[in-house]
Amino acid sequence: MKFLLPLLASLAAFFTARHFGGIPESALTVAPPAAAERSELRGLARQKDRLVQRNCTSVAALEKLYRSGTLPDFELQAALRQAAAHDPEGTWDWVDARQMSPFQRADLLRAVAGTWFKTDPDAVLARLATAGYWERGQIAGSLIGQLMAGPDGKIAATSAQLDRILDLAYIDAPNTFQNCSAEGAAKLLALPAGSSRDRLLEMFAAVWLQRDPAASSAWFQQLPAGIRNEAGAQFAERALASRGEGPSAARSFAIGWLLKDAPAVARARLGATLADTMAETDPAAALKWANENLSARPLAEATGKVIARILASDPEGARQMVASLPPGNSRNSAANGLAGAWITKEPAAAVAWWLQNIAEEVSRDTNYGSPAYQLGSKWGKSDPQSFRDYFADPAATKLPDAMIRSAMKEMMANREATFDWLATLPAEGRGPLIKAAYHEWVYTAPVEAAAAFDSRPELANGDVAQQVATGWYRSDPRAAVGWVSKLPWGGVRESAIAGLKKMAERKGGSAPEDLKKLLP
Amino acid sequence: MIRDSGEAANDRHGAIQTIRLSFPRLLASGKLSAVEAYRLIDSAKAGHSVLGLNTLPQIWNGLSADGLAEAARSLAAEPPGDQLGRALGGVANAWMKADPAAAAAFIAQIQDRELRADAYAGCFASGSGGEVGPRAQAEILAGIPADDRAEVFASYLARYGDPKPGERNWSGVKIDPELLGPVFKDLPPSPALNRSITITTREWGQENPAAALAWADSLADGGTRQAAYAGTFEGWAFQDPHAAANWLADKAEGSERDAATLPLVRNLLKSDAGAAWEWSDSIGDSALRLDARVSTLQAWSKRDPEAAQAAYHQIASTLPAAEAAKLSACLTGS
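In the order they appear, the protein sequences are chains H and R.
If you count the first sequence from 1, you need to add 102 to reach the working numbering.
If you count the second sequence from 1, you need to add 1455 to reach the working numbering.
One chain only, chain H, in its complex shape (with noise of 0.2 Å):
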């Protein structure tokens, strides 16, 4: 996993890169070459040298240019924007009209965007909200980027375009705000005022503070209120969630404005982060703030997330914490969390002791992701042959059906010994095993499953032929009654077959001409 992060920061690095960035106009602009006194142009310079020469001032010249041959990428964008300073909506137009990759099109069009905004910006948006979800996105978060670029940015917007803007771009607040400084924060104030501005800095706010707050702090502080505490929100809730990653001042002066100067919103919202926070060098300190300054939903998650740093140096202690709680989803969450982090160390006793501790409802719960799904989850990727050895004991508590499904399908990954361990249990004991096995597989590889089936005559039954004929289905009515009409006469034929017909009622209309053959 180690090679996971560099690689998505370098991946975000670049679409940042393309979505706000591109080649700076500044470099490829129609002006007069300001190096014109320099005896041998080289690189960019040259580049924009030809281009000024070449004098792409309408569609047809900027055609006749692109066919002349293989242009570079900005290039191609320096002379998309000499054509669009002139023909703004044909330049769009001309773009529209290529075959070419998503990114290299939304490439163009910003350029054009950027071009036609200075003119129209008006018509431009209107032509950009006919684009797709991603491309408009990409385009007026471009336009954002020159917005706040400032003057230099060579465009100005009003309130309701900015309105608009915004309204279509998504914003990736720390890839958008590379800058942060005393002079961006007064470039975002120049932007017209109005509720999107005031989103703007919100972010910018957010972002400073998390990379320099001695550098920001004081500016922070003047903020009207609204801004303030949305923005020591999200920047709370970034530098809290760093784990070190940032710079420790950060997370200091995030837990203080948490502390001190916070909204109760905010600190209810926050406040299970920050006991974790505090937890980490003080766990008795934590649960003594949390309990004097949440309640609820806040309180239930901080008592988990302290609990579960307790667990780490006095299990024991942690597990009794969690029994002296109050019924209710404060003691469920802090139980959850307790035998999420124990069950991979001794996963019986983890069940046993979660049974006894958590509200018969949530044990019950059969939903994907329940708390007994998760720790079914853990428990069969983690320790499989202490899920084995469990149905060994007669007389071991039952397990929710959740947690079994779960532990089944980690342990599929090992099909064969699977099957082979099914095979060995009493036959009356092992039916909601082999369901839980075949659960999901029916439905994302029902070929595989019916072939499994086939193949272990032993764990065959008519439950099971049931929920593969049935799973089949649902994707492929025909593949799954030609399987059945295969199956020997008996009842676990029989049982197939009711399923389809349950199956094909439920659907409406009549019956497929191959189910009513098979059909009594």
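Derived from the structure by calculation, the hints contain no laboratory data.
Every residue gets a Cβ at the ideal spot worked out from N, C-alpha and C, and that includes glycine.
Incorrect hints may have been included.
Taking lysine to any residue and the SDA-like style, the derived pairs with C-alpha atoms no more than 25 Å apart in a straight line are [stated by the list, open to error]: (1) R:Lys1757 to H:Asn469; (2) H:Lys447 to H:Leu427; (3) R:Lys1640 to H:Val367; (4) H:Lys500 to R:Asp1759; (5) R:Lys1619 to H:Asp467; (6) R:Lys1757 to H:Pro428; (7) H:Lys362 to R:Ala1665; (8) R:Lys1640 to R:Lys1725; (9) R:Lys1640 to H:Ala327; (10) H:Lys447 to H:Gln487; (11) R:Lys1725 to H:Gly471; (12) R:Lys1486 to H:Glu191; (13) H:Lys500 to R:Pro1760; (14) H:Lys619 to H:Glu596; (15) R:Lys1757 to H:Arg466; (16) H:Lys588 to H:Pro559; (17) R:Lys1725 to H:Arg466; (18) R:Lys1725 to H:Asn469; (19) H:Lys220 to R:Ala1520; (20) H:Lys220 to R:Ala1483; (21) R:Lys1640 to R:Gly1616; (22) R:Lys1619 to H:Gln323; (23) H:Lys362 to H:Gln323; (24) H:Lys483 to H:Leu527.
A few chain H positions that, by computed beta-carbon distances, are all more than 10 Å from chain R [as the list claims (entries may be wrong)]: (25) Ala242; (26) Asp265; (27) Pro294; (28) Ala343; (29) Pro417; (30) Ser426; (31) Glu448; (32) Glu462; (33) Trp523; (34) Leu527; (35) Tyr545; (36) Gly584; (37) Arg595; (38) Leu620.
Using the hints, position chain R against chain H.
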């Protein structure tokens, strides 16, 4: 392709993409009228209207303010249909951005209440995909006339179903009670307002019950206040039934206390049916009290039938015959 798209999942995806990319331009160029677009998409009836759900709110952005006005007028004149509200909501969304005053005036005079609420509710879609955030949601609501506001919010919420306390992976409307509280504060009483307030305070009760109760007490209408108490306790008692019970023990008898006690009972009975039974007794309103007793006996008789029987027999002789029969049925499971 559109008509067939209801039948096969793969074609349906293709149809959605095609419509999203081509219809905005066809509409903007006048090659397709709003009504034609709506009727064409609406004609794909199969597949649980997936096609309309994924396209009708989003294809109108290319129209000018005049074009949107014409689209709204022509769609509002169409006969009722499952997808009509969605189409008109999409037009309203785009029109509110192009010419908010004209759009708001038009929506306010739509006679059909449901269609009017759908038109307003369409404005909650974000231009970059998905729904607008809580702040924009509150701003849009605040701009809707007071008589329609609660109906609009209830209609909007109905698209996603009720978020239950503690529900994981809730992907519906994000509810921020601190922002919504002022928006609902002085609205005229109505069932839609009660529903909006119950859902909002249910979230508030999970997050910050003290603030929710302070807000509930500030409401002028008694029925609305009861809805706020009920919602707050649905959330709070789910998270921490004992803290909720402690607070309610000091509350004077009355309709708010009754409204709060029913959800308290339903959460207490998960761990302590005896306490839930005692709390049921304290409800003054006979219908709510019966509801609370039924819920408690049903759960209690499964876990400890003897204790449930004993509790029932202790009060049976004091009950009206119909009530006794209903409670007795809980014990036998019939």
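Here's how the hints hold up against the structure:
Among the hinted pairs, Lys1757 (chain R) with Asn469 (chain H) is consistent with the structure: their alpha-carbon atoms are about 22 Å apart, no more than 25 Å. Between the alpha carbons of Lys447 (chain H) and Leu427 (chain H) the distance comes to roughly 24 Å, so the proposed pair stays at or under 25 Å and holds. Annotation: proposed proximity of Lys1640 (chain R) to Val367 (chain H) holds, straight-line Cα distance about 18 Å (limit 25 Å). A threshold of 25 Å between alpha carbons decides the hint, and for Lys500 (chain H) with Asp1759 (chain R) the separation of about 20 Å falls inside it, so the pair holds.
A distance of roughly 14 Å separates the Cα atoms of Lys1619 (chain R) and Asp467 (chain H); the hinted pair therefore holds under the 25 Å criterion. Using a Cα cut-off of 25 Å, the hinted pair Lys1757 (chain R) and Pro428 (chain H) holds, with the two alpha carbons roughly 22 Å apart. For the suggested pair Lys362 (chain H) and Ala1665 (chain R), the alpha carbons sit about 20 Å apart, so the restraint of at most 25 Å is met. Restraint check for Lys1640 (chain R) and Lys1725 (chain R): not satisfied, since their Cα atoms lie roughly 33 Å apart, outside the 25 Å limit.
Of the pairs offered as hints, the one joining Lys1640 (chain R) and Ala327 (chain H) holds, with about 23 Å between alpha carbons and a cut-off of 25 Å not exceeded. Pair hint Lys447 (chain H) plus Gln487 (chain H) holds up; C-alpha atoms about 13 Å apart against a cutoff of 25 Å. Straight-line distance between C-alpha atoms of Lys1725 (chain R) and Gly471 (chain H) comes to about 21 Å, which keeps the hinted pair within the 25 Å bound. Only pairs whose Cα atoms come within 25 Å are accepted, and Lys1486 (chain R) paired with Glu191 (chain H) is accepted, the gap being roughly 19 Å.
Our distance criterion of 25 Å between C-alpha atoms is met by Lys500 (chain H) and Pro1760 (chain R), whose separation comes to about 22 Å. Between Lys619 (chain H) and Glu596 (chain H) the alpha-carbon distance is near 13 Å, which keeps this suggested pair within the 25 Å criterion. About 14 Å separates the Cα atoms of Lys1757 (chain R) and Arg466 (chain H), which keeps this hinted pair within 25 Å; it holds. Restraint check for Lys588 (chain H) and Pro559 (chain H): satisfied, since their Cα atoms lie roughly 14 Å apart, inside the 25 Å limit.
Only pairs whose Cα atoms come within 25 Å are accepted, and Lys1725 (chain R) paired with Arg466 (chain H) is accepted, the gap being roughly 12 Å. For the hint pairing Lys1725 (chain R) with Asn469 (chain H), the CA-to-CA distance comes to about 19 Å; that is within 25 Å, so the pair holds. At most 25 Å may separate the alpha-carbon atoms for a hinted pair to count; Lys220 (chain H) and Ala1520 (chain R) meet this at roughly 22 Å. Pair hint Lys220 (chain H) plus Ala1483 (chain R) holds up; C-alpha atoms about 23 Å apart against a cutoff of 25 Å.
Between Lys1640 (chain R) and Gly1616 (chain R) the alpha-carbon distance is near 23 Å, which keeps this suggested pair within the 25 Å criterion. Straight-line distance between C-alpha atoms of Lys1619 (chain R) and Gln323 (chain H) comes to about 38 Å, which puts the hinted pair past the 25 Å bound. Taking the CA atoms of Lys362 (chain H) and Gln323 (chain H), the gap is near 13 Å; set against the 25 Å cutoff, the hint holds. Restraint check: the Cα-Cα separation between Lys483 (chain H) and Leu527 (chain H) comes to about 21 Å, which is no more than 25 Å; the hinted pair holds.
Non-interface call for Ala242 (chain H) relative to chain R: violated, since the shortest CB-CB distance, roughly 8 Å, does not exceed 10 Å. With a minimum CB-CB distance of about 8 Å to chain R, Asp265 (chain H) fails to clear the 10 Å threshold, and the non-interface call is violated. With a minimum CB-CB distance of about 16 Å to chain R, Pro294 (chain H) clears the 10 Å threshold, and the non-interface call stands. Remark: the non-interface label on Ala343 (chain H) is consistent with the geometry, its nearest Cβ contact in chain R lying 19 Å away (cut-off 10 Å).
The claim that Pro417 (chain H) lies off the interface holds: its Cβ sits roughly 25 Å from the closest Cβ of chain R, which is beyond the 10 Å cut-off. Every CB of chain R lies more than 10 Å from the CB of Ser426 (chain H), the least distance being 12 Å, so the non-interface label holds. With a least beta-carbon separation of about 26 Å from chain R, Glu448 (chain H) lies farther than 10 Å from that chain, consistent with its non-interface assignment. Glu462 (chain H), annotated as away from the interface, has a beta carbon of chain R within 10 Å; the closest lies near 7 Å.
Listed as outside the interface, Trp523 (chain H) is consistent with that label: its C-beta sits roughly 31 Å from the nearest C-beta of chain R, beyond the 10 Å cut-off. At roughly 30 Å from the closest C-beta of chain R, the C-beta of Leu527 (chain H) stays outside 10 Å, upholding its exclusion from the interface. With 10 Å as the threshold on Cβ separation, the claim that Tyr545 (chain H) sits away from chain R holds: the shortest Cβ distance comes to roughly 14 Å. No Cβ of chain R approaches the Cβ of Gly584 (chain H) within 10 Å, the least distance being about 20 Å, so the stated non-interface status holds.
No beta-carbon of chain R comes within 10 Å of the beta-carbon of Arg595 (chain H); the shortest separation is about 30 Å. Residue placement check: Leu620 (chain H) keeps its beta carbon more than 10 Å from all beta carbons of chain R (closest about 24 Å).
Checked against the numbered hints above, the structure breaks hints 8, 22, 25, 26 and 32 and satisfies the rest.
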